[in-house]
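K.L.:
Each chain, letter by letter, is given below.
Protein chains: 2
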Amino acid sequence: MREVKRKFGERFVDDPALLSLYSREASFEEPAAGPLGIVYPVNEEEVAWLVKWAYENDITLYSQGSATSLSGNTILTKPGLIVSFEKMANIVEVNPTDSYTVVQPGIRIEELNVELARYGVFFPVDPGSVRSATIGGAIANGAGGMRGAKYGSMRDWVLGVNVVTGRGDLLKLGCRTLKCRNGYDLVRLIVGSEGTLGLVTQAVLRVAPLPESAVAVRVYYNDISSLVEDVVRIKSARIWPLFAEFMGPAESEEVGLNRAYTLFVGVDVNRGAEGGILARLKSALTGHIADEAIGIEEAMRLLEPRRRLFSAQVSIMRRQLGDQGVLVIEDVVVPVSKLPEAVRRIAELAQKLEVPLSIGGHVGDGNLHPTTWFKRGDLEGAKRARRFIEGLGKIAVELGGSVSAEHGIGTLKRELLRLELEPAVLEYMRSLKAVFDPKGILNPGKII
Amino acid sequence: MREVKRKFGERFVDDPALLSLYSREASFEEPAAGPLGIVYPVNEEEVAWLVKWAYENDITLYSQGSATSLSGNTILTKPGLIVSFEKMANIVEVNPTDSYTVVQPGIRIEELNVELARYGVFFPVDPGSVRSATIGGAIANGAGGMRGAKYGSMRDWVLGVNVVTGRGDLLKLGCRTLKCRNGYDLVRLIVGSEGTLGLVTQAVLRVAPLPESAVAVRVYYNDISSLVEDVVRIKSARIWPLFAEFMGPAESEEVGLNRAYTLFVGVDVNRGAEGGILARLKSALTGHIADEAIGIEEAMRLLEPRRRLFSAQVSIMRRQLGDQGVLVIEDVVVPVSKLPEAVRRIAELAQKLEVPLSIGGHVGDGNLHPTTWFKRGDLEGAKRARRFIEGLGKIAVELGGSVSAEHGIGTLKRELLRLELEPAVLEYMRSLKAVFDPKGILNPGKII
Chain P
1 MREVKRKFGE
11 RFVDDPALLS
21 LYSREASFEE
31 PAAGPLGIVY
41 PVNEEEVAWL
51 VKWAYENDIT
61 LYSQGSATSL
71 SGNTILTKPG
81 LIVSFEKMAN
91 IVEVNPTDSY
101 TVVQPGIRIE
111 ELNVELARYG
121 VFFPVDPGSV
131 RSATIGGAIA
141 NGAGGMRGAK
151 YGSMRDWVLG
161 VNVVTGRGDL
171 LKLGCRTLKC
181 RNGYDLVRLI
191 VGSEGTLGLV
201 TQAVLRVAPL
211 PESAVAVRVY
221 YNDISSLVED
231 VVRIKSARIW
241 PLFAEFMGPA
251 ESEEVGLNRA
261 YTLFVGVDVN
271 RGAEGGILAR
281 LKSALTGHIA
291 DEAIGIEEAM
301 RLLEPRRRLF
311 SAQVSIMRRQ
321 LGDQGVLVIE
331 DVVVPVSKLP
341 EAVRRIAELA
351 QKLEVPLSIG
361 GHVGDGNLHP
371 TTWFKRGDLE
381 GAKRARRFIE
391 GLGKIAVELG
401 GSVSAEHGIG
411 TLKRELLRLE
421 LEPAVLEYMR
431 SLKAVFDPKG
441 ILNPGKII
Chain E
1 MREVKRKFGE
11 RFVDDPALLS
21 LYSREASFEE
31 PAAGPLGIVY
41 PVNEEEVAWL
51 VKWAYENDIT
61 LYSQGSATSL
71 SGNTILTKPG
81 LIVSFEKMAN
91 IVEVNPTDSY
101 TVVQPGIRIE
111 ELNVELARYG
121 VFFPVDPGSV
131 RSATIGGAIA
141 NGAGGMRGAK
151 YGSMRDWVLG
161 VNVVTGRGDL
171 LKLGCRTLKC
181 RNGYDLVRLI
191 VGSEGTLGLV
201 TQAVLRVAPL
211 PESAVAVRVY
221 YNDISSLVED
231 VVRIKSARIW
241 PLFAEFMGPA
251 ESEEVGLNRA
261 YTLFVGVDVN
271 RGAEGGILAR
281 LKSALTGHIA
291 DEAIGIEEAM
301 RLLEPRRRLF
311 SAQVSIMRRQ
321 LGDQGVLVIE
331 DVVVPVSKLP
341 EAVRRIAELA
351 QKLEVPLSIG
361 GHVGDGNLHP
371 TTWFKRGDLE
381 GAKRARRFIE
391 GLGKIAVELG
401 GSVSAEHGIG
411 TLKRELLRLE
421 LEPAVLEYMR
431 SLKAVFDPKG
441 ILNPGKII
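The listed protein sequences derive, respectively, from chains P and E. Residue numbering for the first sequence follows UniProt numbering, beginning at 1 and increasing consecutively. Residue numbering for the second sequence follows UniProt numbering, beginning at 1 and increasing consecutively.
Check each hint, because a few of them may be wrong.
The list cannot tell twin chains apart, which means a pair is met if one copy fits it or any two copies do.
[Claimed, not checked] Computed cross-link-like contacts, SDA-like style, restricted to lysine to any residue with a CA-CA straight-line distance of at most 20 Å:
#	residue 1	residue 2
1	K282	W240
2	K172	R430
3	K52	E3
4	K172	L399
5	K394	L379
6	K383	E30
7	K172	G400
8	K87	A284
9	K439	Y55
10	K172	E422
11	K52	P444
12	K172	L419
13	K394	R271
14	K172	R418
Calculated from the structure, these hints are not laboratory results.
Assemble the whole structure, with the sequences as input and the hints as a guide.
P.N.:
Put into structure tokens, the structure is as follows:
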């Protein structure tokens, strides 16, 4: 460790207060060990040096962006060093004509989009944690978010990465062009690998032109089945929504809307076509249309209450449990046509397990975020919450979906992944891990 | 081989005439050996059986769709069996609400789109060979095509694959949903792996709603620099073209247009917004606008002459060389802003090497298809053509592009790939190959 201290100087930290702060993430997964220190590299040579040193000295490394992950993706499973990318947070290049930007991993998505807007382009991946989530974390976690139905997730928007593997090799992967066929697609192997195959030191991201205009509606429903059936109806009408989000009655009331199931749908359109699309959208809906918007900013404003779902859930939980509540935000995905059955079965599951349920999510792409909570220290409650997570995964897999849409596997869903994938597939994944990280020093105990 | 004959009966063929027919692909690469036979499996169990048998008996396998590849991706490098997917060509499911279709690998892209159109959706990847190219071949080759600037390439549209690896394991990978985070992204490792990691037996493809409407223009230019500068101008104006294609003066004349550099640009738009977008598009252009179109079918009709570029090139070559011409269609990509420099340097290269040059391509995404030809048996001409290919790759890499945008590496560009990727990256690719195909029985001598 002396060499690391010498190399990084003040950028090596082992102050216990800071170590404790960096040990937690947004999930309720508990770290199994404390960090030996936090290292703040400033360039990729330092990252490569650090990983080589760790490889030679059998030291475990945990890369960290802003630790907003929700599946135990960043927490320590045994003692090791945290590698923070806070000091590698620059935008290296913005090239709107060539539709790409080059960035360091520590830049926050929202910060990046503020800069990109000056060039008339944007980076479409929009996770709930967009204000603090970093590009490096979003790559590691294969992040998704609100614009998924139209724009997909990280794997669709990362053109290239520089990555330091668990052997300390710095690999420059991918291209600056959208089309690129230079051998096996290692870029997308890194995307979503949760820091278990390598540490991303730079990324080339594809950017899209800002939509010209948009329309949006906010719709109320008496029951959740009618709401998700309307989402199926929108998709059946071949409307390709920019977002289709929802929240429940208690949460809607909490953010100042009616006490009803609330659906938010937005569609990006060409200027001049707003009226026609809005009419088509409204005619596909059976709920009570409470609000409508024309224009990008107006559509985003209409969506704004949905962005407060998380704080609404926290408020509701606080009224029940005071300061001692632990919020569990889950993440599953099913084909859109299976949403009615999924929400029915999820409600039944919560009832059976006697856990509180708040359900919201990105229904446009079949992605649900069922949320529950329990009191800190209530071991029985925590056990019920874990049974709830397990049950959700089973429902998703049975309906042809996946145990995770966008939060990833981490420590939380390792067992559930075994429900979805056959043993042979897991065996190949373990072999790939061994190629990139033969000593298992990168974020061990995650995914596989 | 006796067991294979017994297992496949009449679906094992070793008639020399057929063997010779199946030995060739659309490229000018020569096979280094003849096939031992052709096998036509009808289901994935048969494919898995065959690969297991080949693994145990050290027999090489070459999977084949319609052999339209242009980089030596399918040709035999040593004796082995050809696995044809002609008899696995069904559409298993079309699900427009959930935005996916499940298909067998032998289905042709155009056939698939005819069926999908009945549901109001389409599969956007549109290679030049779309009438004969199969989905299995397109996955193996990571195909691109005319709609790349807007819709990307195969990797963006394959949600899941069933694949038999070189160890004979049948792996079910990916999801039916767009968002999906079930471990490492092995789906995209298979896409573009050119049949060297596994044989795809089924695929889940993402589909998109058919565009509501479109506008398009055909524009003439006196020189190619003005043409590609207009493409840069379109991209700088933040217009996101559905296609931006071009062809040279001789080829344009050959298909019945003016003797000029011809640019075809189409943009998909909402119904009602055609006028506004067409005006914006036209105001970004400096060339002579010879034709314009409003509506999807009209835009596709305007593009139609561009689809005859290949036969125009063949006609021009025939007038020079008679029946003995060998056409070499190249494939490189550069960032769009580098197109003016790229086309200038490519013309200089052709002149220096004294090779004929016909240039066309998908300029909207920076993808050029410089084309040359030589007389069969003219060893000096063939050598010059190879030097031309090498020079093109160097230009692309120097300008920040790639040695292949969409045709892949095959046998033709193995050496060039070494120009683009550092040795460490190639080493990791070789290790991945060893995981999936430890005995090297799948399409050897390609990519790495």
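K.L.:
Next step is simple, just say for each hint if it's right about the structure.
P.N.:
Status of each hint after checking the structure:
Taking the closest pair of Cα atoms, K282 and W240 come within 20 Å of each other only inside a single copy of the chain (14 Å); across copies the shortest separation is 27 Å, beyond that limit. In the homo-oligomer, the alpha carbons of K172 and R430 lie at most 20 Å apart only across protomers (16 Å), although the nearest pairing inside one protomer, at 23 Å, exceeds that limit. In the homo-oligomer, the alpha carbons of K52 and E3 lie at most 20 Å apart inside one protomer (12 Å), although the nearest pairing across protomers, at 50 Å, exceeds that limit. For the homomeric pair K172 and L399, the shortest alpha-carbon distance between copies (16 Å) is at most 20 Å, but the shortest distance inside one copy (39 Å) is not.
Proximity of K394 and L379 under a CA criterion of 20 Å is satisfied in neither setting, with 23 Å inside one chain copy and 63 Å between copies. In this assembly of identical chains, the alpha carbons of K383 and E30 lie at most 20 Å apart only when taken from the same copy (14 Å versus 64 Å across copies). For the identical chains of this complex, K172 and G400 are inter-copy neighbours only, at 13 Å across copies versus 36 Å inside a copy, given an alpha-carbon limit of 20 Å. In this assembly of identical chains, K87 and A284 lie within 20 Å of each other by CA distance neither inside one copy nor across copies; the values are 49 Å within and 41 Å between.
Taking CA atoms no more than 20 Å apart as the test, K439 paired with Y55 passes inside one copy only; the shortest distance there is 7 Å, against 29 Å between copies. Taking the closest pair of Cα atoms, K172 and E422 come within 20 Å of each other only across two copies (8 Å); inside a single copy the shortest separation is 32 Å, beyond that limit. Proximity of K52 and P444 under a CA criterion of 20 Å is satisfied intra-copy only: 17 Å inside one chain copy versus 33 Å between copies. For a Cα distance limit of 20 Å, the shortest separation of K172 from L419 across copies, 13 Å, qualifies, whereas the shortest one inside one copy, 35 Å, does not.
Proximity of K394 and R271 under a CA criterion of 20 Å is satisfied in neither setting, with 44 Å inside one chain copy and 42 Å between copies. Taking the shortest Cα distances, K172 and R418 sit within 20 Å of each other only across copies (13 Å), while inside one copy they are farther apart (32 Å).
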